Amino acid sequence: MTERRLRRAMEHEGFEVAVYAYRPGTAFDWHSHTEDKCDAVVEGILRIEIEAGETFDLRPGDRLFVPAGTRHRAEVVGKGTVISLDGTKR
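What the sequence shown shows, in this note's numbering, is residues 1 to 90, in sequence order.
Restraint ranges, calculated between C-beta atoms of paired labels, are given here:
no.	residue 1	residue 2	range
1	Gly53	His12	27 to 33 Å
2	Ala68	Ala27	21 to 27 Å
3	Met1	Arg47	18 to 24 Å
4	Ala18	Arg71	20 to 26 Å
5	Thr70	Glu16	17 to 23 Å
6	His33	Thr55	14 to 20 Å
7	Arg73	Ala21	15 to 21 Å
8	Arg5	Trp30	30 to 36 Å
9	Gly69	Pro24	27 to 33 Å
10	Arg4	Glu51	30 to 36 Å
FYI, nobody ran anything at the bench for these hints, they're computed from the structure.
Predicted model, so just to flag it, every value in this text is computed and none were measured.
The beta-carbon is built from N, C-alpha and C at its ideal position, and this holds for glycine as well.
Modelling step: build the complete structure from the supplied sequences, incorporating the hints.
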């Protein structure tokens, strides 16, 4: 799925979408958000671990819904840059 199609799908679902590039080695420690989130990958592999014990390796075209208040962490997997669509819904 292309960046444009992913963005349109997320916006249709009510998310405000921003594009981010994460370099190899980028990691985000345990955190949560006050709003619902949807992460989508356009390029690279982004690993998201949910505190409840599930781990997801998002590859191009994959999306993951993370409800408000859900503790999670994320990291870039491999040597490639991750291009990610970050959707928030208030």
